[in-house]
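Enquirer: Here are the chains, one letter per residue:
There are 2 protein chains.
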Amino acid sequence: MIILNKQQILDKFDADAITLLLKEGFIAFSQKQVQMPPVQHLLFEQANGDCCIKSGYLQGDSQFVVKVSGGFYNNPAQGLASNQGLMMAFSAQTGEPQAILLDEGWLTALRTALAGRIVAELCAPTHISTIGIVGTGMQARLHLMYLKSVISCRQLWVWGRSETALEEYRQYAEEEGFAVNTTLDAAELGRQCQFIVTTTPSREAILQAADIQPGTHITAVGADGAGKHELAAELVAKAGKILVDSWAQCTEFGEVSQAFQLGLLDYHAFTEVGSALTSGGSFRDNDQQITLADLTGLGIQDVQIVKGILRQ
Amino acid sequence: MIILNKQQILDKFDADAITLLLKEGFIAFSQKQVQMPPVQHLLFEQANGDCCIKSGYLQGDSQFVVKVSGGFYNNPAQGLASNQGLMMAFSAQTGEPQAILLDEGWLTALRTALAGRIVAELCAPTHISTIGIVGTGMQARLHLMYLKSVISCRQLWVWGRSETALEEYRQYAEEEGFAVNTTLDAAELGRQCQFIVTTTPSREAILQAADIQPGTHITAVGADGAGKHELAAELVAKAGKILVDSWAQCTEFGEVSQAFQLGLLDYHAFTEVGSALTSGGSFRDNDQQITLADLTGLGIQDVQIVKGILRQ
Numbered sequence: 001m002i003i004l005n006k007q008q009i010l011d012k013f014d015a016d017a018i019t020l021l022l023k024e025g026f027i028a029f030s031q032k033q034v035q036m037p038p039v040q041h042l043l044f045e046q047a048n049g050d051c052c053i054k055s056g057y058l059q060g061d062s063q064f065v066v067k068v069s070g071g072f073y074n075n076p077a078q079g080l081a082s083n084q085g086l087m088m089a090f091s092a093q094t095g096e097p098q099a100i101l102l103d104e105g106w107l108t109a110l111r112t113a114l115a116g117r118i119v120a121e122l123c124a125p126t127h128i129s130t131i132g133i134v135g136t137g138m139q140a141r142l143h144l145m146y147l148k149s150v151i152s153c154r155q156l157w158v159w160g161r162s163e164t165a166l167e168e169y170r171q172y173a174e175e176e177g178f179a180v181n182t183t184l185d186a187a188e189l190g191r192q193c194q195f196i197v198t199t200t201p202s203r204e205a206i207l208q209a210a211d212i213q214p215g216t217h218i219t220a221v222g223a224d225g226a227g228k229h230e231l232a233a234e235l236v237a238k239a240g241k242i243l244v245d246s247w248a249q250c251t252e253f254g255e256v257s258q259a260f261q262l263g264l265l266d267y268h269a270f271t272e273v274g275s276a277l278t279s280g281g282s283f284r285d286n287d288q289q290i291t292l293a294d295l296t297g298l299g300i301q302d303v304q305i306v307k308g309i310l311r312q
Numbered sequence: 001m002i003i004l005n006k007q008q009i010l011d012k013f014d015a016d017a018i019t020l021l022l023k024e025g026f027i028a029f030s031q032k033q034v035q036m037p038p039v040q041h042l043l044f045e046q047a048n049g050d051c052c053i054k055s056g057y058l059q060g061d062s063q064f065v066v067k068v069s070g071g072f073y074n075n076p077a078q079g080l081a082s083n084q085g086l087m088m089a090f091s092a093q094t095g096e097p098q099a100i101l102l103d104e105g106w107l108t109a110l111r112t113a114l115a116g117r118i119v120a121e122l123c124a125p126t127h128i129s130t131i132g133i134v135g136t137g138m139q140a141r142l143h144l145m146y147l148k149s150v151i152s153c154r155q156l157w158v159w160g161r162s163e164t165a166l167e168e169y170r171q172y173a174e175e176e177g178f179a180v181n182t183t184l185d186a187a188e189l190g191r192q193c194q195f196i197v198t199t200t201p202s203r204e205a206i207l208q209a210a211d212i213q214p215g216t217h218i219t220a221v222g223a224d225g226a227g228k229h230e231l232a233a234e235l236v237a238k239a240g241k242i243l244v245d246s247w248a249q250c251t252e253f254g255e256v257s258q259a260f261q262l263g264l265l266d267y268h269a270f271t272e273v274g275s276a277l278t279s280g281g282s283f284r285d286n287d288q289q290i291t292l293a294d295l296t297g298l299g300i301q302d303v304q305i306v307k308g309i310l311r312q
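These protein sequence lines are chains G and B, in that order. For the first sequence, UniProt numbering begins at 1 and goes up steadily by one. For the second sequence, UniProt numbering begins at 1 and goes up steadily by one.
Take these hints with a grain of salt, some might be off.
Note that the list lumps identical chains together, so a pair holds whenever it fits in one copy or between two copies.
[To be verified] Think about it this way: if two alpha-carbon atoms lie no more than 20 Å apart in a straight line, the pair counts; the simulated EDC-like pairs of lysine to aspartate or glutamate are:
(1) K12 to E204
(2) K307 to E96
(3) K148 to E96
(4) K32 to E45
(5) K12 to E167
Just so you know, these hints were derived from the structure itself, not from any lab.
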C-alpha cells in the first residue's frame, strides 16, 4: 500500500490532465455510470466543524475511492488549516487498500477549484469587466488561480468579514496579477462584478437578489451540507439557467435547495454539469441572463483526482 | 498520526474491555447520543464483492471514526481473506487524522462477534443442547469462540456449502473444544439446535420457518446490505421477540427487512439492543418463544472498538 503526504501529492498534481479526468467524471456521473452513495455528514458544534464522507466507483475502473473531508473553522486561530482530511483508493477486485493520500484537504480544494474552471468555461458571459470573489480562504485563492486560464479579466473585487483577511487576500491576488478592491459590503461587490464565486461556509445569505446585475454568472461552492447557503433564495430563483453538479445533492443540501424546497424552482430548472458538457458549447443563452452554478462536490471528482495523482 | 497494522491491532485487543464499550455504545445509540449517518454501500458485481462505509461520533468524544469494510467473496480462491478494509480515527476538535488501523477487516469481524456475545446474554434459552452455526467463514469462527464464555454447551452442528470448508471448520471447532456434526442440509441443523447463528452473505433464505423448534434463538449477522438475507420471511415473522441493532438499518436492509416490507411485521415488533440492555435481564419471555437478533452492524460499534484499541 502506498502512503503519500501532501508534498508528494502536490508534486504529482497536473491541473490540465486532472481537469480532463474531471470532465469525463461529470459526464459519466450524468450518464449513470458511477456508483456514488449519498454523502455522509457529521457535525461538531463544539468545534465549529463539520465533516463529509464521500465515496465513488466508476464502472469498469480497477479502484474505488473513499474521501473524508472536514472543515474546522476554529483551526486557523490555532495555526491549522480549516480543511482537513484524506482520500483513499481500494482495489475494486479484492477490496484491499491501495493508497492513502494524506492530502490535508488539498485534493478536495483543488478538484473544487478545477470544477469551478470547468463551469466558467460553460457559463462565463462574453464581457467581464470585474471578477468578484466572496470569501478569503483557501477556496477563494485556488478558484482565482485556476480562473486565470479561462477568463482574461484581471480586475477583482473581494468580500470578507475581516479587514486583516481581506488585506492578506489582496496581497495574494496582486501576486497573481489582479488589480484588487476589497469590501465588507457584499452588495457593492454584486454591483461591480459580472462573474462571482462564493466560497464561504456561511449559513445565512451573503448576496441578495437586488445586488446582482443582469448577465452575471455566479458559481456557489460553499453549500455542501444542510443549512449552508450564501445566496438568498430569491436570487437563486432569479437565475435564468442553473447548473448543478448533481441534481440529487443540490436539491437536498446545495445552494439551490432552499429555493427548490420553497417551491420557487422546479425540477426542470436544473441541468447537470455532465449533461451540459455532453451538449457542448456555452450553457448561457444570452448576455442578459443570470446564470448560477451550484457545486456541492461529487464523489466522482474524488475518484478522478485520485486516479490522476496515482497515474503520475 | 499513528498507523497500526493487523498484528499491532490484535496485540491491543482486549475482548472483555471492548465488550463493555460496545454495550455503552449500543445504549448511547438507542438514546440518540450518536451521530451515525446512513451506511454507504458499493457493489462490485464483476468481483463478487461489496463494500460498506460507516462513520460515527459519540457526542462528547474527542474523536470520530470512519470505517471502510469490504467483502470480496472470490478472494479466498486467490489466497486472500474475504474481509478487507480499515478504520480511521479523526480529531473531533480539528478534523485531523489521528490513527489509521489497517485491520484487514478484523475489527469489523471482532466487534460483530462480540455483539453476538452480547445478544446471546440477552436472548439465549436456559437449556441449549446443541449450538448451530450456519456458514464456515471467519465470522462463523469468531462467533463460536466468543460464545464459549456465555454458553456452556459444547455440542455443535455446522452447515456449509462445501465438504472441504466444513471439514476445515470441524477441525477449528474441535480445537475450541466442541463435539462437531457437519451438514449440507440446513433443515437438519434447524431441527437439532436451540441456539443458531447465521453468518453468510447469502441472497436467498437458508433456513425456513418449518426448520426451527420452539424456544430457539437465532442471531443473523449476514445481512448488511440490500438483497442479502439468510432466513425466510415466514421464519422472521414467526419470531416471538426480535432484537435489532438499529431499527432504521434493520428495516431498510437487514435480515428482518423483507418481512417488514412485506407487512408481516410492524414497527412494534422490534426492540433495539441498546434498549434491551437498558431494561436489563433476559430479553426472552419464556423458553417456548423463538427469538431473533438482526445485527446489521453499527458505526457506533466501530467508534467503540477503535476507542478500545487506541486506549491500550
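Enquirer: Taking the hints in turn, state whether each one holds.
Expert: Consistency of the hints with the structure:
1. K12 to E204: Close neither inside one copy (37 Å) nor across copies (47 Å); limit 20 Å.
2. K307 to E96: Within. Shortest intra-copy distance 16 Å satisfies the 20 Å Cα cut-off; inter-copy 23 Å does not.
3. K148 to E96: neither (40 Å within a copy, 32 Å between copies)
4. K32 to E45: Between copies only: 16 Å across, 35 Å inside.
5. K12 to E167: This pair counts as neither: shortest intra-copy Cα distance 31 Å, inter-copy 50 Å.
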